[in-house]
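These protein sequences, in sequence, are chains A and B. Quick note: the first sequence, position 155, residue 155 per the working numbering, numbers continuous. With positions in the second sequence counted from 1, the corresponding number in the working numbering is that position plus 208.
Accuracy of the hints is not assured; some may be wrong.
Derived contacts from chain A toward chain B, CB cut-off under 10 Å, selection only [to be verified]:
#  : residue
1  : V25
2  : R27
3  : A31
4  : G114
5  : A139
6  : D157
7  : Y166
8  : L172
9  : L178
10 : A188
Among chain A residues calculated to face chain B with C-beta under 7 Å, some are [unchecked claim]:
#  : residue
11 : R28
12 : Q118
13 : I162
14 : S163
15 : K180
Simulated from the structure, these hints should not be mistaken for lab results. Remember, it's a predicted structure, so these values are computed and weren't measured experimentally. All C-beta atoms, glycine included, are put in the ideal place defined by N, C-alpha and C.
Protein chains: 2
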Amino acid sequence: MTSRTTTSPRPSARLKLIEAAHILVRRRGYAATSVDEICAGAGVSKGAFFHHFASKEALAAAAAQAWTAHAEQFIFTLPDWTRIKDPLERLLAHIDFRAAMMDGPAEAYTCYVGTMVQESFASSEILRQAGDASITAYAERLAEDIDAAIALYGIKDGVTGISLAYHLQAVLQGAFILAKAKADPAIARDSAAHLKNYVVMLFDRKEA
Amino acid sequence: MTSRTTTSPRPSARLKLIEAAHILVRRRGYAATSVDEICAGAGVSKGAFFHHFASKEALAAAAAQAWTAHAEQFIFTLPDWTRIKDPLERLLAHIDFRAAMMDGPAEAYTCYVGTMVQESFASSEILRQAGDASITAYAERLAEDIDAAIALYGIKDGVTGISLAYHLQAVLQGAFILAKAKADPAIARDSAAHLKNYVVMLFDRKEA
Numbered sequence: 001m002t003s004r005t006t007t008s009p010r011p012s013a014r015l016k017l018i019e020a021a022h023i024l025v026r027r028r029g030y031a032a033t034s035v036d037e038i039c040a041g042a043g044v045s046k047g048a049f050f051h052h053f054a055s056k057e058a059l060a061a062a063a064a065q066a067w068t069a070h071a072e073q074f075i076f077t078l079p080d081w082t083r084i085k086d087p088l089e090r091l092l093a094h095i096d097f098r099a100a101m102m103d104g105p106a107e108a109y110t111c112y113v114g115t116m117v118q119e120s121f122a123s124s125e126i127l128r129q130a131g132d133a134s135i136t137a138y139a140e141r142l143a144e145d146i147d148a149a150i151a152l153y154g155i156k157d158g159v160t161g162i163s164l165a166y167h168l169q170a171v172l173q174g175a176f177i178l179a180k181a182k183a184d185p186a187i188a189r190d191s192a193a194h195l196k197n198y199v200v201m202l203f204d205r206k207e208a
Numbered sequence: 209m210t211s212r213t214t215t216s217p218r219p220s221a222r223l224k225l226i227e228a229a230h231i232l233v234r235r236r237g238y239a240a241t242s243v244d245e246i247c248a249g250a251g252v253s254k255g256a257f258f259h260h261f262a263s264k265e266a267l268a269a270a271a272a273q274a275w276t277a278h279a280e281q282f283i284f285t286l287p288d289w290t291r292i293k294d295p296l297e298r299l300l301a302h303i304d305f306r307a308a309m310m311d312g313p314a315e316a317y318t319c320y321v322g323t324m325v326q327e328s329f330a331s332s333e334i335l336r337q338a339g340d341a342s343i344t345a346y347a348e349r350l351a352e353d354i355d356a357a358i359a360l361y362g363i364k365d366g367v368t369g370i371s372l373a374y375h376l377q378a379v380l381q382g383a384f385i386l387a388k389a390k391a392d393p394a395i396a397r398d399s400a401a402h403l404k405n406y407v408v409m410l411f412d413r414k415e416a
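The following block holds chain A by itself, in its conformation from the complex:
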């Protein structure tokens, strides 16, 4: 994010390139997306690209970091969600929210980071680590709420917040693949419903 506070002649080019990477990689994958296509998608010159990024790999890693910030802004601090005081209700609302996002074309609701890691984990240690950092940040953020719910209600089978948070990530990532294969997000929403069902059974509140 340094470009936005420096004297760069095009303060928004970096952000435009990252947003183009988010869209194009989710639509066509990382390897199939060229620097030229990203520049065209961003409406930015190739010179501007290399002013901000040394390579496609460097942009992709920065885009993973931006994806984490995006999740913080559009998921974790969403007023509809944060105003729910009960941490278990907030967790269930989180799953509902993620399921409600599963609509329209797959590139609009699937995960930039999951798509990037799927194909680049063995080819680029930089991208694997950038993907891990983003997935870990999401899981650790979510685990705070799950741990608060566990403290309040208890949980079956000694499940931990971080373990359940990663499992939530796994279900969503896999649900995206099924939705892509079927060209229909309904199958992904169905897996999200199973996940919610599992969480409800794990907590088994007598108050509910």
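Given chain A's structure and the hints, the job is docking chain B onto it.
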């Protein structure tokens, strides 16, 4: 599989190319893998490649079909698994088996079809459909057992066999992505354990 019953001068070249595609696509993704690399991996000439396949896309679609046959041979008809008479025990053994497979380098245990569909769903309708066919075949095969378990034990919340079978697929596909990001299959086995936990709770056998 026609090449194995025709008078092809190299009866095993087709199979070698499919096996090379399974390995290379799981390691590096579909777009990043070239026909030259597949030929080198298979130890087959480019001439032989184009004798069997019109394009990389045609090979990839055939490899998805072969992947389904592979699952039938190495998963669904495995003696350790089919000799279990109780369908719910067989389902739980299936999950255990899939978790036990999650070991070593990710390209050895992850899913060719899931990786292929992840990046090609919007670029190739042929590959999206080939991926859907393979995922659907797996889910429908597994749903037979789940439906038998439901008939025997009942299930909570009106869950259907096919819905739970697709959810199992989603969990595995997503677990693979987490394992790739962390360069460690332990996180994938942890999601498989959550899946097993969910199945046990859904059935809630009093006999167990």
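Which constraints among the numbered hints does this structure fail? Numbers only, ascending. 13
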